[in-house]
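**Student:** Those sequence lines, one after another, are chains A and B.
Residue numbering for the first sequence follows this note's numbering, beginning at 1 and increasing consecutively.
Residue numbering for the second sequence follows this note's numbering, beginning at 1 and increasing consecutively.
Quick caveat, the hints were computed from the structure, so don't treat them as lab data.
Take the hints with a grain of salt, since some may be wrong.
To be verified - If the Cβ cut is set under 7 Å, some of the chain B residues that face chain A in the computed set are:
# : residue
1 : I26
2 : P28
3 : A36
4 : G51
5 : L79
What you are looking at is a predicted structure, and each value in this text was computed from that prediction instead of being measured.
From the three backbone atoms N, C-alpha and C, an ideal C-beta is built for every residue, glycine too.
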Amino acid sequence: MAYDIQTWGNIAAFVGGGMCMGVGAIGAAIGEGYTAAEANLAISRNAESAGDIFKSMLIGQAIAESASIFALVIAMILLFTKFSVTSYVTVCAIFAAGLSMGFGAIGSGIGAGFPAGAACTGMSRQPAMSGKLTTNMLIGSAVCQTPSIFALVVSFILLFTDFSGYPVSPGWAAMLGAGLAIGLGAIGSGIGGGVVAESSCDGIARQPLTITPVTNVMLLGQAIAQTPAILGLLISFILIYKGFPATDSLAPSMALLGSGICMGVGAIGPGIGEGIASSGGVKAIARNQEVVGVIMRSMLVGMAVAESTAIYSMVIALVMIFVA
Amino acid sequence: MAIEGADVIRAAAFIGAGIAMGFGAIGPGVGEGLVAARACEAIGKNPKEAGLLTRTMLVGQAVAESTGIYSLVIALLLLFVV
Numbered sequence: 001m002a003y004d005i006q007t008w009g010n011i012a013a014f015v016g017g018g019m020c021m022g023v024g025a026i027g028a029a030i031g032e033g034y035t036a037a038e039a040n041l042a043i044s045r046n047a048e049s050a051g052d053i054f055k056s057m058l059i060g061q062a063i064a065e066s067a068s069i070f071a072l073v074i075a076m077i078l079l080f081t082k083f084s085v086t087s088y089v090t091v092c093a094i095f096a097a098g099l100s101m102g103f104g105a106i107g108s109g110i111g112a113g114f115p116a117g118a119a120c121t122g123m124s125r126q127p128a129m130s131g132k133l134t135t136n137m138l139i140g141s142a143v144c145q146t147p148s149i150f151a152l153v154v155s156f157i158l159l160f161t162d163f164s165g166y167p168v169s170p171g172w173a174a175m176l177g178a179g180l181a182i183g184l185g186a187i188g189s190g191i192g193g194g195v196v197a198e199s200s201c202d203g204i205a206r207q208p209l210t211i212t213p214v215t216n217v218m219l220l221g222q223a224i225a226q227t228p229a230i231l232g233l234l235i236s237f238i239l240i241y242k243g244f245p246a247t248d249s250l251a252p253s254m255a256l257l258g259s260g261i262c263m264g265v266g267a268i269g270p271g272i273g274e275g276i277a278s279s280g281g282v283k284a285i286a287r288n289q290e291v292v293g294v295i296m297r298s299m300l301v302g303m304a305v306a307e308s309t310a311i312y313s314m315v316i317a318l319v320m321i322f323v324a
Numbered sequence: 001m002a003i004e005g006a007d008v009i010r011a012a013a014f015i016g017a018g019i020a021m022g023f024g025a026i027g028p029g030v031g032e033g034l035v036a037a038r039a040c041e042a043i044g045k046n047p048k049e050a051g052l053l054t055r056t057m058l059v060g061q062a063v064a065e066s067t068g069i070y071s072l073v074i075a076l077l078l079l080f081v082v
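If we strip away everything but chain A, and leave its shape as in the complex, we get (with noise of 0.2 Å):
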């Protein structure tokens, strides 16, 4: 049974806009539902701020939602696109592109769950500190969508650049673990990012004084926890623009795979234990602000311990791509 390759490109936009869309929902759909259960308790804690928090909680799920918007458009254009398809490298790529976004909804959609509960259980504590809540509820939770929108470019990147020049082999290779690498790569940062975000809210309502130092770390906090993502966009790009040299072997297309892997699912962990971290500074920052100093120096060895993994496996898959 063989199909001509028009049809494997019809093949991988199909499957790959339904995994995109499938897989783009899980997050949203988390992150939303932790938010409005948080928001159920808080009107039961205090049901005079019920408007303030119904408010609070509608903005944080529709951050939230933008990250599955991202999948649903991916998706739509797999969908409805015509792909001129002219090699085995662009059938891949369109697959990809929808891994890539897939994978990549994931973490945004959890991450920015949290700090829009956190903002509705201080908006219970605290009704005076709503209108500064969800101000920092809002940076947070923007913070939280970069990884998914580094996705989103890489998406876009694999759908609407020409490969016809690509050797098939290594080129279908290099395609998968591009879209694998940021996808993948997203999830940790994605939920990291949420993670100092709703420490940040419920630190602001629990002591308001401390708003500026607690801001202030988070964001620090947030961009430290952004690093894995970012990593994962490196290799995507060094996967996408390197330009291999054709191969009839399979050793040098599975080692382009393996690297996109590889930094994909090595920066999981990284991403989200940064995000832990930092959550802790953040929380000790707000109880005792006299030593902001002390708690953000040993905060930053143990994000920079937490990192070591995310560079070891920066470090295989670059050695995958360039040496091996």
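Based on the hints, put chain B in the right spot on chain A.
**Tutor:** Same frame as chain A, but now just chain B:
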């Protein structure tokens, strides 16, 4: 395109190295983060013991790191030795 046995073995070693280092990095990353979070909270409660707490944190993280290092070693063995 004829694929020989040795080529398949090499390909399997590459994929195995990627999977080993990738999945091996998840646990230490999360675990070390938990350690650092508790250390920060503890320093917030008792800043005078910051030195002791940081030392304990680093030793704990080093132990949590060990499985990540095992993964790295196995990945390097798969790439260069086997």
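**Student:** Minimum Cβ distance from B/P28 to chain A below 7 Å?
**Tutor:** 5 Å, holds
**Student:** Taking the least C-beta to C-beta distance, is B/L79 closer than 7 Å to chain A?
**Tutor:** Since chain A brings a Cβ to about 5 Å from B/L79, closer than 7 Å, the hint holds.
**Student:** Does the nearest C-beta of chain A fall within a distance shorter than 7 Å of the C-beta of B/A36?
**Tutor:** 2 Å, holds
**Student:** Hey, does the B/G51 contact hint survive, CB to chain A under 7 Å?
**Tutor:** Because about 9 Å separates B/G51 from the closest Cβ in chain A, which is outside the 7 Å limit, the hint is violated.
**Student:** A closest beta-carbon separation below 7 Å is what the hint needs, so does B/I26 meet it against chain A?
**Tutor:** Holds. Min distance 4 Å.
Against the hints set out earlier in the document, a violation occurs for number 4 only.
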